[in-house]
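Participant: Take a look at the letters that make up each chain.
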Amino acid sequence: MSLKGKAAAIGIGELKPTKEPGPDTTALGLMAAVAAEAIADAGLDKNDIDGFLVGMPFSDPGFIYPASAAEVMGLRVRMLNVVDIGGASPAGMIWRAAAAIDAGMCNAVLCVAADMNRAGDQRPPTISVQREFESPYGNIGANCGYAMIANRHMFEFGTTPEQLAKVAVDQRANALKNPLAIFNDKPLTIKEVLGSRMIVDPLHIYEIVSPMTGGAAVIVASPEIAKRAKHPPVWLLGAGEYADHATITYAPSLTESPIKIAADTAFKMAGLERKDMNFVCPYDCYTITVIVTLEDAGFCKKGHGGRFVEEHDLTYKGDFPCNTHGGQLSFGQPGLAGGMSHVTEAIRQLMGRGSARQVKNAKLGYVNGNGGIMSEQVGLVLERRS
Amino acid sequence: MSEYLKPLPKPSPTSRPFWEAARRHELKLQRCGGCGKFIYYPRTRCPYCFGDQLEWRQVSGRGKVYSYTVVRRASHRAFADPYVLAIVELEEGPRMTTNIVAAPESVRVDQKVVVHFEDVTPDNTLVKFKPA
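Residue numbers (my numbering), protein chains in the order written: chain A, 1 to 386; chain D, 1001 to 1132.
In case anyone wonders, no lab produced these hints; they're calculated from the structure.
No residue lacks a Cβ here, since even glycine has one placed at the ideal position from N, Cα and C.
Among these hints, one or two may not hold up.
[Unchecked claim] Label-pair ranges, simulated between beta-carbon atoms: (1) D:1062 - A:192: 40 to 48 Å; (2) A:104 - D:1104: 57 to 65 Å; (3) A:253 - D:1044: 48 to 56 Å; (4) D:1093 - A:276: 39 to 47 Å.
[As the list claims (entries may be wrong)] Per the computed footprint, the stretches of chain A lying under chain D, defined by three or more beta-carbons under 8 Å from a beta-carbon of chain D, are: (5) 133–140; (6) 248–260.
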């Protein structure tokens, strides 16, 4: 059993994230907007959509969510579900869509996430054990966990603040070429990152994603439908998923994540090597996330991630293009749609629609989706066939 | 005494012995009768071997800082002042989310610590650590 070449991404829709949504903005409205854009981008009609995978917005959650959101958009579907694996949800939707298509359950799946965030919004931990054993000590939100990962990584491997900052700097250079990125007006320097406000030691504000309002959607379709798509189809060649903890305290290790198994599974399915990839789109809620991901996904040795980002040019024209849309650090994080931004960017690059930031001869790309505090992990290998 | 505004643990039937011990300033963890491992946080079954023979045992209260951070801007308004959030690895094996009661600048990864019970309200004691 394999999902290799069983389905392709054929259309995308994405909004520029914003910090100031208008008074008429709703999460369901954003969802419908990006869904319409993605369906049109694929060259399909709404009635062609017969599968629906959705991320539940923090700003408007509820039970029986997929049918409710599908009803708002007037969708009639043969397969529907919420994918609830945090920031890995969008990447997780892609292989679930392909699996449903391969099983003959449906033919064209709308994968979508949208959300609203306002300054000062707080997200309480959602389950009882976290409220009981984490919140009383102030282990609330994602910042603390990633800061503890960064401190441990520095302790074990000698990773430096400058190496962490380099991730934000190179990704900003990419964002300058992306009209959809929220922070695309001026470059960033390592000195500026390290001089910015310390939020959770050792992470500065420029190393932490900004919550935004926005949305993104991808259409995944059967080979038959992909044949009549408007743009070159982007094929799923390999996928892997793994999780071994929810709260980082109870993970087997702070510095070796479940990414390894997810990535190994994806590359094995694809039958390809890391060096075959023309670019990568690793989830980047924080600078440290990228360093740990590049190590565990196998692009460099364990503990060498800091040195790797220091020695390589991560920009679209560099020797190791990474998050060519700017990453969420510069693109913004519109809830779960932030995780979708890595998927949409990989699809854009492979379709040859990278405009000013197009990676030359981009044929193969790796996407990593990451949920919670290095918890749920999804690896995807995507290909444009020439 | 000013009102305590930070979140308080709400014990479950599974965890009640842990918090009751903490109120007596004792650190008690479950130990699995099947595989012999200590467990944190409390469970109804061992997360390693899935056995259900779990016994409460007093532990040493000694451990090391596995990692930590100084939270200068918290995601919860009750945590106004910077605090040291840490993962302590106990001598018996399990890791715990906790606070280190010490000057933030003095805390280091791998530092030895001992348990420090903090009676935050008349009914609630939190399990924190301080330098050994």
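Participant: Looking only at beta-carbon atoms, does the pair residue 104 (chain A), residue 1104 (chain D) fall within the given range of 57 to 65 Å?
Facilitator: For residue 104 (chain A) and residue 1104 (chain D) the Cβ distance comes to about 58 Å; the hint holds.
Participant: Given a hinted range of 39 to 47 Å, is it respected by the beta-carbon distance of residue 1093 (chain D) and residue 276 (chain A)?
Facilitator: With a Cβ separation near 41 Å, residue 1093 (chain D) and residue 276 (chain A) satisfy 39 to 47 Å, so the hint holds.
Participant: Residue 1062 (chain D) and residue 192 (chain A), beta-carbon distance inside 40 to 48 Å?
Facilitator: holds (43 Å)
Participant: Counting residues of the stretch 248–260 of chain A whose CB is closer than 8 Å to a CB in chain D, do you get three or more?
Facilitator: holds (count 4)
Participant: How about the stretch 133–140 of chain A: do at least three of its residues have a C-beta closer than 8 Å to a C-beta of chain D?
Facilitator: holds (count 8)
Participant: Note whether the CB distance of residue 253 (chain A) and residue 1044 (chain D) lies within 48 to 56 Å or breaks it.
Facilitator: violated (26 Å)
Hint 3 from the list above is the single one not met by this structure.
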